[in-house]
Amino acid sequence: MFTSLVEALNLKEDLLRGIYAYNFEKPSAIQQRAIIPIMRGRDVIAQAQSGTGKTATFSISALQSIDTKIRETQVLVLSPTRELAIQIQTVVLALGDYMNVSCHACIGGTSVGEDIRKLEAGQQVVSGTPGRVFDMIRRRNLRTKDIKRDELTLEGIKQFFVAVEKEDWKFDTLCDLYDTLTITQAVIFCNTRRKVDWLTEKMREANFTVSSMHGEMVQKERDAIMAEFRGGQSRVLITTDVWARGIDVQQVSLVINYDLPTSRENYLHRIGRSGRFGRKGVAINFVTVEDVRILRDIEQYYSTQIDEMPMNVTELT
1 MFTSLVEALN LKEDLLRGIY AYNFEKPSAI QQRAIIPIMR GRDVIAQAQS GTGKTATFSI
61 SALQSIDTKI RETQVLVLSP TRELAIQIQT VVLALGDYMN VSCHACIGGT SVGEDIRKLE
121 AGQQVVSGTP GRVFDMIRRR NLRTKDIKRD ELTLEGIKQF FVAVEKEDWK FDTLCDLYDT
181 LTITQAVIFC NTRRKVDWLT EKMREANFTV SSMHGEMVQK ERDAIMAEFR GGQSRVLITT
241 DVWARGIDVQ QVSLVINYDL PTSRENYLHR IGRSGRFGRK GVAINFVTVE DVRILRDIEQ
301 YYSTQIDEMP MNVTELT
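Numbering follows full-length UniProt numbering, in which position 229 of the sequence shown is assigned residue number 229; successive positions increment by one, without gaps.
Don't read these hints as lab results, they were simulated from the structure. Possibly wrong hints are sitting among the right ones.
What the hints assert, rightly or not - DMTMM-like mimics (lysine to aspartate or glutamate), calculated; alpha carbons at most 20 Å apart, straight line:
{"id": "1", "residue 1": "K69", "residue 2": "E120"}
{"id": "2", "residue 1": "K202", "residue 2": "E120"}
{"id": "3", "residue 1": "K280", "residue 2": "D43"}
{"id": "4", "residue 1": "K54", "residue 2": "D43"}
{"id": "5", "residue 1": "K195", "residue 2": "D168"}
{"id": "6", "residue 1": "K166", "residue 2": "E72"}
{"id": "7", "residue 1": "K195", "residue 2": "E155"}
{"id": "8", "residue 1": "K170", "residue 2": "E201"}
{"id": "9", "residue 1": "K145", "residue 2": "E155"}
{"id": "10", "residue 1": "K220", "residue 2": "D176"}
{"id": "11", "residue 1": "K118", "residue 2": "E72"}
{"id": "12", "residue 1": "K280", "residue 2": "D307"}
{"id": "13", "residue 1": "K148", "residue 2": "E221"}
{"id": "14", "residue 1": "K166", "residue 2": "E155"}
{"id": "15", "residue 1": "K170", "residue 2": "E205"}
{"id": "16", "residue 1": "K170", "residue 2": "D43"}
{"id": "17", "residue 1": "K195", "residue 2": "D291"}
{"id": "18", "residue 1": "K220", "residue 2": "E205"}
The whole structure should be built from the sequences, with the hints applied where relevant.
The structure is reproduced here in C-alpha cells:
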C-alpha cells in the first residue's frame with residue numbers, strides 16, 4: 001500500500017483523497033525513489049519504463065508544494081509533445097481534484113486567444129510545449145513570478161583573496177596553490193577565451209592535468225568536456241563565465257577566480273551553491289591592486305566578508 005510512503009511524505013489531506021480516488025494501491029519503484037527527493041527540492045533526473053507512474057511522481061510532488069490560495073502559476077511542466085502535455089494535465093487535475101487546483105495545457109495547434117483567456121483567469125499549474133509556453137511568457141500572459149527558482153547563496157562558502165602585486169604573478173600563485181591544496185574538483189575562472197587557452201597551455205607545460213572549456217568551442221566538444229568533469233575523469237576545469245550559470249557539479253570543492261568577474265552578479269553564479277543542499281566550498285580570488293575596488297564592491301553588494309587567505313592553506317578544503 002501507499003500508506004508507509006504517504007506517512008513519510010506528510011501529504012495534504014485533500015491531495016491524499018485525490019491519490020486514493022485515483023486508485024493507487026502500491027507505489028512503483030520510480031515513485032518510491034523519486035517523490036521524496038523532488039518534494040525536498042532536489043534536482044532529479046528520473047528514467048523508467050512507460051506506464052510506471054512517472055507523471056504521478058512529479059505531479060504529487062508539485063501539488064504538495066502549491067499554495068491553493070494563490071491563483072498564479074506556481075508549477076510549469078514542459079513536454080516534448082502536445083499529447084504528453086495533455087496527459088500530464090489530465091493526471092494533475094485528477095490528483096488535485098479535491099484541492100480545487102487549476103491546470104491548463106498550453107500547447108501549439110490550439111487557439112492563442114483561448115490560452116490567453118485561461119491564463120488570465122489564473123492557472124496554478126501549466127503543462128505545455130516549449131514553443132507555446134515561450135510565446136505566452138513573451139506576451140506576458142503566462143507570469144512566472146510565483147514559480148520558485150533555485151536560489152543561489154554564499155552560505156557555507158569560505159571566501160578568501162590572495163593579493164597578487166602584478167598580473168604576471170598570478171600563474172606562480174596558482175601553481176603553488178595547486179601543489180598545496182587537496183582538491184576534489186576545482187573550477188578556475190578567467191574573463192576571456194584567450195586567457196583560458198593561455199592558462200590551460202601554461203598549466204599543461206608545467207605538467208598539471210587540466211581541462212578547459214569556453215563559449216567558442218563547438219557544443220559537442222563542450223558536452224564531452226562537461227561529461228568528463230561530471231564523471232570525475234578530470235579534476236580541474238579552466239573556463240569562462242559560460243560555465244557559471246546553471247551548472248552545478250556537486251563535487252566541486254574549490255573555485256578560483258583567476259580574474260575577478262566583470263560583473264558582481266557573476267561572482268554569485270561562479271561560487272554560489274544551491275543552499276538547500278548544505279554543501280560547503282572554498283572560493284579564492286586573485287586580486288591585483290587594480291582589483292581591490294571590485295573586491296570591495298562585491299563585499300558590499302552581497303554583505304559578505306572576503307578575508308585574506310591564511311598561510312596554512314591545507315586546512316581550507
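(message) Holds or violated: K220 and D176, Cα atoms, limit 20 Å.
(response) violated (33 Å)
(request) Take the C-alpha atoms of K170 and D43, compute the straight-line distance between them, and say whether it is at most 20 Å. (result) violated (36 Å)
(message) So if I understand the rule, the pair passes when the alpha-carbon distance is 20 Å or less; does K280 with D307 pass?
(response) Holds: K280 and D307 sit about 17 Å apart, inside 20 Å.
(request) Below or equal to 20 Å on CA atoms is what counts here, so check K166 against E155. (result) violated (31 Å)
(message) Holds or violated: K195 and D168, Cα atoms, limit 20 Å.
(response) This hinted pair holds, its Cα atoms lying about 12 Å apart.
(request) Given the hint that K118 pairs with E72, test it: the Cα-Cα distance must not exceed 20 Å. (result) Within the cut-off at roughly 11 Å; holds.
(message) Checking one constraint from the list: CA of K54 to CA of D43, max 20 Å. Satisfied?
(response) Between K54 and D43 the Cα gap is close to 15 Å, so the pair holds against 20 Å.
(request) Could you grab the alpha-carbon distance between K280 and D43 and see if it respects the 20 Å cut-off? (result) holds (18 Å)
(request) Sort out whether E155 lies within 20 Å of K145, counting only the CA atoms. (result) violated (24 Å)
(request) Compare the distance between the alpha carbons of K220 and E205 with 20 Å, and conclude whether the hinted pair is satisfied. (result) violated (26 Å)
(message) With the threshold set at 20 Å, check whether the alpha-carbon distance from K170 to E205 stays at or below it.
(response) holds (16 Å)
(request) Take a quick look at whether K195 and D291 sit within 20 Å of each other, Cα to Cα. (result) The hint holds at about 17 Å.
When held up to the earlier numbered hints, the structure conflicts with 2, 6, 7, 9, 10, 13, 14, 16 and 18 and fits the remainder.
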